[in-house]
Amino acid sequence: MSTKTPTEADILRPVNNLSKKYLALFGAAGLAFGAFLVAWMYQLYVGMSVTGLSDWGSGGGVTWGLYIGAFIWWVGIAHGGIILSAAVRLLGMDRYMPVARLAELLTIAGLSAAGFYILVHMGRPDRMVTSVLGHYHITVNNSPLVWDVTVITAYFVLTATYLALTLRYDITRLRDDLPNYLEPIYKVLTLGYTEEEDQIVERMVWWLALAIIIMAPLLLHGGVIPWLFAVLPGMPAWFSAVQGPQFLTIALTSAISGVIIVAYAFRRAYDWDHIMTDDVFRGLLLWLGFFCLLFLWLQLQQNVVGLFAAPVSTEVAQEATITHPIYITAMALVFGTLAYIFAQTIRPSLFTKTRAIVAALAVLFATLIEKLIFVVEGFLHPEFEIYAATPGEYFPSAIELLSLVGTIGMVVLIFLIVSKVVPVVELHAVEHMRGDHGHGHEHEGHEDPDEAATKQEVNA
Amino acid sequence: MSTDDESFHPLGQEWETELEGMLDETEYDSDLGMQMAQDAMRVTKGELSEAEFHEKYHDDVMEEFDVDDRPTKEAYEQAQEEQKGTATRMLEAFDGEGEETRRDTMKKMGLGAAAVGFGAWGVTDDGPEMNLGAAQEGDEDGDGDDGTQLGMVLDLERCDGCLSCVTACSEENQLDQGVNWMYILDYEEPGEDGGRSRNRLIRPCQHCTDAPCEKVCPTTARHTRDKDGLVLTDYDVCIGCRYCQVACPYGVNYFQWDEPDVSTDEIEEMHSDMDGDHMTSDEDRWVDSRAPRGTMSKCTMCPTRQDGHMGDEMVGTTACEEACPPDAINFGDMNDPDSRPRQYLSNVVQSRAEHMIADESPNREDVEEAYAFLDGEIELLDMQYLDGDWDRSEIEGVMYLNDEIETADLEYLIDAEEYDSTEEAEEAAAEALREVVIAVLENEFEVGDDDDDELSEDDLETLVDAILGDASEDDVDSDDFERATDALDAVITSSEESIQDVVDRYESREITPAEVEESLLILREEEEEPWVSEAGITDEDTAQQVIESYAGDESSTFKLLEDMGTNPNVTYIGNEPGPSAEQVDGPVAYEQVGLTDNRKEVLDESTVGDTGMDLGGW
Chain R
1 MSTKTPTEAD ILRPVNNLSK KYLALFGAAG LAFGAFLVAW MYQLYVGMSV TGLSDWGSGG
61 GVTWGLYIGA FIWWVGIAHG GIILSAAVRL LGMDRYMPVA RLAELLTIAG LSAAGFYILV
121 HMGRPDRMVT SVLGHYHITV NNSPLVWDVT VITAYFVLTA TYLALTLRYD ITRLRDDLPN
181 YLEPIYKVLT LGYTEEEDQI VERMVWWLAL AIIIMAPLLL HGGVIPWLFA VLPGMPAWFS
241 AVQGPQFLTI ALTSAISGVI IVAYAFRRAY DWDHIMTDDV FRGLLLWLGF FCLLFLWLQL
301 QQNVVGLFAA PVSTEVAQEA TITHPIYITA MALVFGTLAY IFAQTIRPSL FTKTRAIVAA
361 LAVLFATLIE KLIFVVEGFL HPEFEIYAAT PGEYFPSAIE LLSLVGTIGM VVLIFLIVSK
421 VVPVVELHAV EHMRGDHGHG HEHEGHEDPD EAATKQEVNA
Chain L
1 MSTDDESFHP LGQEWETELE GMLDETEYDS DLGMQMAQDA MRVTKGELSE AEFHEKYHDD
61 VMEEFDVDDR PTKEAYEQAQ EEQKGTATRM LEAFDGEGEE TRRDTMKKMG LGAAAVGFGA
121 WGVTDDGPEM NLGAAQEGDE DGDGDDGTQL GMVLDLERCD GCLSCVTACS EENQLDQGVN
181 WMYILDYEEP GEDGGRSRNR LIRPCQHCTD APCEKVCPTT ARHTRDKDGL VLTDYDVCIG
241 CRYCQVACPY GVNYFQWDEP DVSTDEIEEM HSDMDGDHMT SDEDRWVDSR APRGTMSKCT
301 MCPTRQDGHM GDEMVGTTAC EEACPPDAIN FGDMNDPDSR PRQYLSNVVQ SRAEHMIADE
361 SPNREDVEEA YAFLDGEIEL LDMQYLDGDW DRSEIEGVMY LNDEIETADL EYLIDAEEYD
421 STEEAEEAAA EALREVVIAV LENEFEVGDD DDDELSEDDL ETLVDAILGD ASEDDVDSDD
481 FERATDALDA VITSSEESIQ DVVDRYESRE ITPAEVEESL LILREEEEEP WVSEAGITDE
541 DTAQQVIESY AGDESSTFKL LEDMGTNPNV TYIGNEPGPS AEQVDGPVAY EQVGLTDNRK
601 EVLDESTVGD TGMDLGGW
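First to last, the sequence lines map onto chains R and L.
Under the UniProt record's numbering, the first residue of the first sequence is numbered 1, with each subsequent residue one higher.
Under the UniProt record's numbering, the first residue of the second sequence is numbered 1, with each subsequent residue one higher.
Since the hints were made in silico from the structure, they are not lab data.
Note that this is a predicted model, so its numbers are computed, not measured.
Backbone N, C-alpha and C define an ideal beta-carbon position, used for all residues, glycine too.
Treat the hints loosely; a few may be bogus.
Covered by chain R, per the in silico footprint, the following chain L stretches (three or more residues, Cβ under 8 Å) [said to hold, decoys possible]:
hint : segment
1    : 250 to 260
2    : 382 to 390
3    : 425 to 438
4    : 539 to 550
If you want the ones that stay clear, here's a sample from chain L, every Cβ over 10 Å from chain R, calculated [to be verified]:
hint : residue
5    : H58
6    : G565
7    : E582
8    : D610
9    : D614
Taking CB as the label site, the calculated pair distances span [stated by the list, open to error]:
hint : chain 1 : residue 1 : chain 2 : residue 2 : range
10   : R       : T130      : L       : E525      : 52 to 62 Å
11   : R       : A9        : L       : M613      : 18 to 28 Å
12   : R       : Q301      : L       : P190      : 24 to 34 Å
13   : L       : M613      : R       : A309      : 32 to 42 Å
14   : R       : Y45       : L       : D338      : 45 to 55 Å
15   : L       : M613      : R       : F335      : 18 to 28 Å
16   : R       : V242      : L       : K45       : 48 to 58 Å
17   : R       : A398      : L       : E582      : 48 to 58 Å
18   : R       : F335      : L       : K45       : 56 to 66 Å
19   : R       : M204      : L       : E18       : 41 to 51 Å
20   : R       : Y45       : L       : D273      : 54 to 64 Å
With the sequences and hints as input, model every part of the structure.
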């Protein structure tokens with residue numbers, strides 16, 4: 001535990017310093033992303049046949065594969081990120097204030113990756129605007145895919161607004177220490193700023209947070225995304241009312257894991273031990289454990305219903321799922337993580353940051369392969385499984401696998417670039433930690449005066 | 001709930017007054033609304049029948065709203081009548097009227113709505129057709145005035161798996177290898193020894209009325225054509241998200257994963273001699289022939305043909321139908337009872353019934369003859385159809401014995417005309433008669449040499465002699481003699497009774513070949529009054545029921561995965577595959593006719609970094 005006091009200089013360090021490691025990571029991430037862009041161009045040139053996909057049915061394959069699985073994965077990470085940040089604001093979980101903005105950025109980056117996957121997945125991405133927007137007023141009534149696009153867009157706008165509003169406070173106060181060559185950006189971001197707006201912005205952000213929290217289970221990973229699958233009776237592996245809650249738990253586990261990894265990376269790179277304290281990681285890990293428990297519980301629901309006395313097609317699909325090595329691996333990883341987290345709760349000495357990172361990586365990997373097998377399994381065991389070529393064959397092609405590397409590179413790039421423009425830790429967090437009790441320790445029931453005043457106004 | 005007020009409404013006077021206020025605000029008659037609501041309440045309590053309710057307000061509703069979409073009393077009674085039929089389910093399923101319980105529920109929901117006044121309330125927003133009109137919802141999927149809905153009736157019993165249709169479709173639409181818009185598959189049910197009739201499925205697109213592919217499409221590229229109900233893909237709009245393929249429970253979609261083998265220029269050139277280019281429809285949308293790269297395709301049911309671009313004679317045909325050697329495919333308007341598929345569907349039962357009654361008795365002529373006999377217009381021996389235990393020679397023999405026939409008139413005992421002289425004929429007749437008497441007596445008595453037999457062989461001979469007058473009656477037991485003469489008389493009476501029985505069976509409406517024959521004639525309107533008597537089949541409804549109960553089981557029909565709620569417009573005749581059915585090799589392999597069955601084999605060639613691994617096989 002550090003004894004340093006967080007300062008403005010701490011959070012400005014990423015903006016004003018350029019290290020070789022940074023450049024190396026930037027280069028690697030850029031290469032990964034660039035390589036996939038080239039691969040995508042090739043896919044556009046030749047056609048989707050460069051993937052391992054085919055038609056389900058007599059066509060002997062699966063229609064959707066890694067692209068869609070990874071799309072859901074990124075959306076999950078994104079949704080969970082903003083939920084975490086919103087919860088910090090709404091529920092006053094001040095302990096996590098230092099990672100709130102990272103979580104918001106994870107949402108922006110994750111949504112960007114997800115949106116990119118939508119384009120990559122389509123046969124004719126060039127028609128996205130004319131075909132989808134042009135008929136929006138008709139299709140929004142029916143197509144879960146349009147709901148999906150709508151909600152992701154809404155989410156992106158909400159998060160961006162949220163981020164932009166909170167940045168105004170920081171940029172105005174830190175402007176003198178920010179690089180001059182980015183002046184135009186700062187000007188736009190702080191357009192018309194006055195100190196009187198602080199309280200109003202605070203309240204707006206609170207409402208935005210409320211909107212995000214309400215939308216999350218109803219529309220986002222608890223609704224629209226799982227409904228893409230859950231509403232289709234032709235695919236018994238998907239057709240289930242538990243899909244929404246399941247997706248939400250997967251989103252939350254993967255998002256917390258994502259935040260743990262991102263926060264750890266920044267802490268290590270910029271010596272933020274006193275900002276992102278072990279305490280934060282312990283807390284995040286405990287939340288991860290809780291959501292892992294929910295995750296496994298909902299998987300259990302689906303397995304029991306699907307295996308006990310289900311209709312023929314449902315049982316076939318569920319049996320195939322539960323015996324699939326990928327599914328077993330995913331469940332084992334989540335279960336292992338859960339076991340570790342509960343163990344370290346009982347015996348705190350079991351906690352190390354490395355183990356926390358391993359747990360987070362394990363969950364991220366588990367949720368990715370679980371999503372992949374979830375998508376694929378639907379096509380492998382449809383209701384109408386009469387075809388000799390069903391279950392079909394599928395394995396992601398090199399281009400599809402490269403898309404994972406590419407989008408991870410893309411997300412890293414977004415973090416690297418943003419961290420060079422604005423502070424990725426809120427000034428509020430620093431002020432808060434410096435407040436009465438310096439070292440990032442937070443005592444239950446104790447609020448600093450500013451916070452209490454704001455809350456009273458909100459309540460009023 | 002209040003019990004002391006005068007309200008008919010279960011929620012009490014206050015609520016009722018409130019509803020009345022709502023009604024007052026509409027332009028329609030509140031008194032009528034309240035009165036109907038009150039009576040609707042009585043219907044729900046069973047005090048008033050639905051038919052009476054409908055009848056009671058018909059004139060008022062017509063006056064008020066100019067339209068009464070509610071089932072009329074006649075319609076109601078007819079529906080009840082239809083329900084009585086035991087074997088009508090098949091046609092009902094076809095008409096979309098097989099959901100009686102749902103319809104009834106809908107009707108009651110409509111009445112319930114009326115009872116709380118909401119039906120009348122709805123008038124303000126939605127016009128009279130919505131008023132009390134939930135009762136009509138069940139009729140939506142019925143046939144009638146819905147316009148054209150193209151579809152198919154596929155006779156699985158006739159399909160021989162030759163793949164001619166698949167080839168024809170592929171050639172007509174320039175499809176890539178493995179893109180089998182039309183697909184034929186043989187299948188096996190688990191634990192089946194193959195003893196059942198053939199298990200084969202013809203799988204075009206089902207052109208569903210409630211197409212899930214269309215519902216999920218984010219672009220309207222997948223659409224239902226207004227004019228004929230075809231479900232098509234606009235290749236100019238499709239973004240290739242493949243959600244339609246995901247949502248379709250039948251697996252009929254084929255994505256264009258790469259550049260198609262045949263270019264649009266080539267397609268245009270191929271069809272330079274016809275009106276269109278075999279791609280653009282009358283609606284000016286690119287919906288026909290193979291899809292361009294990056295978009296979705298599936299069976300179109302040949303819009304180019306339907307639009308008349310290939311000539312008037314091609315309208316109402318599809319490439320697969322035309323190519324099918326055994327005529328298993330019947331394409332046409334599923335809403336038109338006179339269309340080929342609808343006719344086929346009704347004729348399937350009829351032609352099977354016709355086949356079943358061929359050479360079966362009693363037919364219509366036999367019944368006619370039986371009536372004629374009972375009326376004394378025809379002699380017993382002149383009857384063509386005798387259903388009793390005795391044949392004509394035996395009957396004639398007994399009549400000859402009773403001196404009712406002259407030797408020269410004998411036809412069946414012997415043929416008197418074959419004999420040159422009366423003596424010879426008499427001799428032969430006597431010999432034949434003896435055999436007849438022996439046969440009758442052997443039937444009556446237990447004859448044998450055992451102790452418990454009634455007559456020994458010798459006794460029988462003596463008895464026969466006595467009956468024929470060759471021996472004295474005194475030589476035999478008088479009881480035996482009496483019993484023997486009774487038995488001989490019974491040959492005549494039982495034969496006469498069997499004729500009466502034919503008439504009795506006919507009049508009791510037992511379904512015999514005669515009734516089936518009548519029914520077929522009625523349904524085909526070949527004769528105005530084909531029935532033998534008024535006690536027979538005289539109306540079309542009954543005729544239909546007769547046919548179905550006689551031959552209906554032989555041709556069960558189904559729609560594929562009907563419980564998915566897709567309302568498919570393809571009706572199958574034959575066996576429906578079960579949930580565990582699994583495809584097996586058919587009589588003709590796809591490769592044999594230059595086609596590819598599994599498209600993955602073709603697509604794998606351009607997969608980048610194909611590891612050969614398979615998540616499905618783990």
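Hint by hint, here is what the structure shows:
1. Judged by the Cβ-Cβ criterion of 8 Å, the segment 250 to 260 of chain L is covered by chain R as claimed, because 10 of its residues qualify and three suffice.
2. With a threshold of 8 Å between beta carbons, the proposed coverage of the segment 382 to 390 of chain L by chain R is violated, since 0 of its residues qualify and at least three are required.
3. Under a criterion of three residues with beta carbons nearer than 8 Å to beta carbons of chain R, the stated coverage of the segment 425 to 438 of chain L fails, only 0 such residues being counted.
4. Under the rule that three or more residues need a Cβ within less than 8 Å of chain R, the assignment of the segment 539 to 550 of chain L is violated, with 0 such residues.
5. At roughly 37 Å from the closest C-beta of chain R, the C-beta of H58 (chain L) stays outside 10 Å, upholding its exclusion from the interface.
6. Some Cβ of chain R comes within 10 Å of the Cβ of G565 (chain L); the nearest lies about 7 Å off, and the non-interface call is violated.
7. Its beta-carbon lying about 6 Å from the closest one in chain R, E582 (chain L) breaks the requirement of being farther than 10 Å from that chain.
8. The beta carbon of D610 (chain L) sits about 6 Å from the closest Cβ of chain R, which is not more than 10 Å, so the claim that it is off the interface is violated.
9. The Cβ of D614 (chain L) sits about 4 Å from the closest Cβ of chain R, inside the 10 Å cut-off, so the non-interface label is violated.
10. A C-beta distance of roughly 56 Å is found between T130 (chain R) and E525 (chain L), which places it inside the suggested range of 52 to 62 Å.
11. Hint check: A9 (chain R) to M613 (chain L), Cβ distance near 52 Å, so the stated range 18 to 28 Å is violated.
12. At roughly 29 Å, the beta-carbon separation of Q301 (chain R) and P190 (chain L) lies within the given 24 to 34 Å, and the hint holds.
13. For the pair M613 (chain L) and A309 (chain R), the beta carbons lie near 34 Å from each other, so the given range of 32 to 42 Å is met.
14. Here the CB-CB span from Y45 (chain R) to D338 (chain L) is close to 53 Å, well matched to the stated 45 to 55 Å.
15. Judged by the Cβ atoms, the range 18 to 28 Å given for M613 (chain L) and F335 (chain R) holds: they are separated by roughly 26 Å.
16. The hinted range of 48 to 58 Å is not satisfied by V242 (chain R) and K45 (chain L), whose Cβ atoms lie roughly 42 Å apart.
17. For A398 (chain R) and E582 (chain L), the hinted distance range of 48 to 58 Å is not satisfied, since their beta carbons lie about 33 Å from each other.
18. At about 59 Å, the CB distance of F335 (chain R) to K45 (chain L) agrees with the hint of 56 to 66 Å.
19. Here the CB-CB span from M204 (chain R) to E18 (chain L) is close to 42 Å, well matched to the stated 41 to 51 Å.
20. For Y45 (chain R) and D273 (chain L), the hinted distance range of 54 to 64 Å is not satisfied, since their beta carbons lie about 35 Å from each other.
Violated hints for the displayed structure, listed by number in ascending order: 2, 3, 4, 6, 7, 8, 9, 11, 16, 17 and 20.
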